[in-house]
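For reference, the chains in residue letters:
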Amino acid sequence: GEDVEQSLFLSVREGDSSVINCTYTDSSSTYLYWYKQEPGAGLQLLTYIFSNMDMKQDQRLTVLLNKKDKHLSLRIADTQTGDSAIYFCAEMANSGAGSYQLTFGKGTKLSVIP
Amino acid sequence: EAGVTQFPSHSVIEKGQTVTLRCDPISGHDNLYWYRRVMGKEIKFLLHFVKESKQDESGMPNNRFLAERTGGTYSTLKVQPAELEDSGVYFCASSSLRTGEQYFGPGTRLTVT
Chain A
5 GEDVEQSLFL SVREGDSSVI NCTYTDSSST YLYWYKQEPG AGLQLLTYIF
55 SNMDMKQDQR LTVLLNKKDK HLSLRIADTQ TGDSAIYFCA EMANSGAGSY
105 QLTFGKGTKL SVIP
Chain B
245 EAGVTQFPSH SVIEKGQTVT LRCDPISGHD NLYWYRRVMG KEIKFLLHFV
295 KESKQDESGM PNNRFLAERT GGTYSTLKVQ PAELEDSGVY FCASSSLRTG
345 EQYFGPGTRL TVT
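Chains as they are written, first to last, in my numbering: chain A, 5 to 118; chain B, 245 to 357.
Rather than coming from a laboratory, the hints here were simulated on the basis of the structure. Cβ atoms here follow ideal geometry from the backbone N, Cα and C, with glycine treated the same way. Just so you know, not all the hints are guaranteed correct.
[To be verified] Across the chosen pairs, the derived CB separations fall in these ranges:
no., chain 1, residue 1, chain 2, residue 2, range
1, A, 30, B, 312, 26 to 36 Å
2, B, 301, A, 48, 45 to 55 Å
3, A, 44, B, 302, 24 to 34 Å
4, B, 357, A, 32, 34 to 44 Å
5, B, 312, A, 82, 38 to 48 Å
6, B, 322, A, 23, 38 to 48 Å
[To be verified] In silico DSS-like pairs for lysine-lysine, Cα to Cα no more than 30 Å straight-line:
no., chain 1, residue 1, chain 2, residue 2
7, A, 74, A, 113
8, A, 74, B, 285
9, A, 60, B, 285
10, A, 40, B, 288
11, B, 322, A, 110
12, A, 40, A, 113
13, B, 298, A, 110
14, A, 110, A, 60
15, A, 40, B, 295
16, B, 288, A, 113
17, A, 71, B, 285
Using the sequences and the hints, build the whole thing.
This is how it looks when you write it as structure tokens:
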């Protein structure tokens, strides 16, 4: 079965870079996603990467994918206090019932110290 | 463009009662998904609609849960009768048939006492 693992907590100083790591097990994953959840809010799609890519950059966000090791990371450059949130890693894979569903990790709570 | 909306934002009911959650997807999105996060656990897939048809309901916990999407627009998820272990946050997401990006609603926090 699918399993997505990520560390539960990360604390960084404002202005530093944050790196949130994730490992997954389903080699048939098509897309891998990062979602952000701020307190009291829903899940916001931050960025995603197609499984045949190694890297994707979007402003302060860099996603790295090592498909061989099934390792995904999200780097946030110049981390700001507004980046404090829970970050969820998710993989999309075919459920076998003709449906592409997301499998989530438990989320990494990022705390930014001013 | 309005995002995915869910109603209510929070529901507190007693064990044995019935609750109906509603989800309005982004206009034009044929795919609609329900997910659930119970305390301390991962967000788990419940089911997937394509238009009004159930494509995959392999994640539904048991027959106390009934999802519908009449007309292929909004969807409802009914829990009858509710049990304590049903407490959690129920998320709805939608996507177009062209892309795989699922956009989530704010969730409904269900508390069963």
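Taking the hints in turn, this is what the structure says about them:
1. Distance hint for residue 30 (chain A) and residue 312 (chain B): a CB-CB separation of about 30 Å, consistent with the stated range 26 to 36 Å.
2. Taken as a hint, the range 45 to 55 Å is violated for the pair residue 301 (chain B) and residue 48 (chain A), whose Cβ atoms sit roughly 26 Å apart.
3. For the pair residue 44 (chain A) and residue 302 (chain B), the beta carbons lie near 31 Å from each other, so the given range of 24 to 34 Å is met.
4. The beta-carbon spacing between residue 357 (chain B) and residue 32 (chain A), approximately 41 Å, falls within the hinted interval of 34 to 44 Å.
5. Between residue 312 (chain B) and residue 82 (chain A) the CB atoms are about 46 Å apart, so this pair conforms to the stated range of 38 to 48 Å.
6. Roughly 42 Å separates the CB atoms of residue 322 (chain B) and residue 23 (chain A), a value that falls within the hinted 38 to 48 Å.
7. Simply put, residue 74 (chain A) and residue 113 (chain A) have alpha-carbon atoms about 21 Å apart, close enough for the 30 Å limit, and the pair holds.
8. In summary, the hint linking residue 74 (chain A) to residue 285 (chain B) is supported, as the alpha carbons are separated by about 22 Å, within the 30 Å threshold.
9. At most 30 Å may separate the alpha-carbon atoms for a hinted pair to count; residue 60 (chain A) and residue 285 (chain B) meet this at roughly 29 Å.
10. Between residue 40 (chain A) and residue 288 (chain B), the direct Cα distance comes to roughly 16 Å. Compliance with the 30 Å bound is thereby established for this hinted pair.
11. A threshold of 30 Å between alpha carbons decides the hint, and for residue 322 (chain B) with residue 110 (chain A) the separation of about 26 Å falls inside it, so the pair holds.
12. This hinted pair checks out: residue 40 (chain A) and residue 113 (chain A) have alpha carbons roughly 10 Å apart, not beyond 30 Å.
13. Note on residue 298 (chain B) and residue 110 (chain A): the hinted pairing holds, with a Cα-Cα distance of about 27 Å set against a maximum of 30 Å.
14. This hinted pair checks out: residue 110 (chain A) and residue 60 (chain A) have alpha carbons roughly 23 Å apart, not beyond 30 Å.
15. Restraint check for residue 40 (chain A) and residue 295 (chain B): the C-alpha separation of about 27 Å stays at or below 30 Å, so the hint holds.
16. Among the hinted pairs, residue 288 (chain B) with residue 113 (chain A) is consistent with the structure: their alpha-carbon atoms are about 18 Å apart, no more than 30 Å.
17. Using a Cα cut-off of 30 Å, the hinted pair residue 71 (chain A) and residue 285 (chain B) holds, with the two alpha carbons roughly 26 Å apart.
In summary, the one numbered hint that this structure violates is 2.
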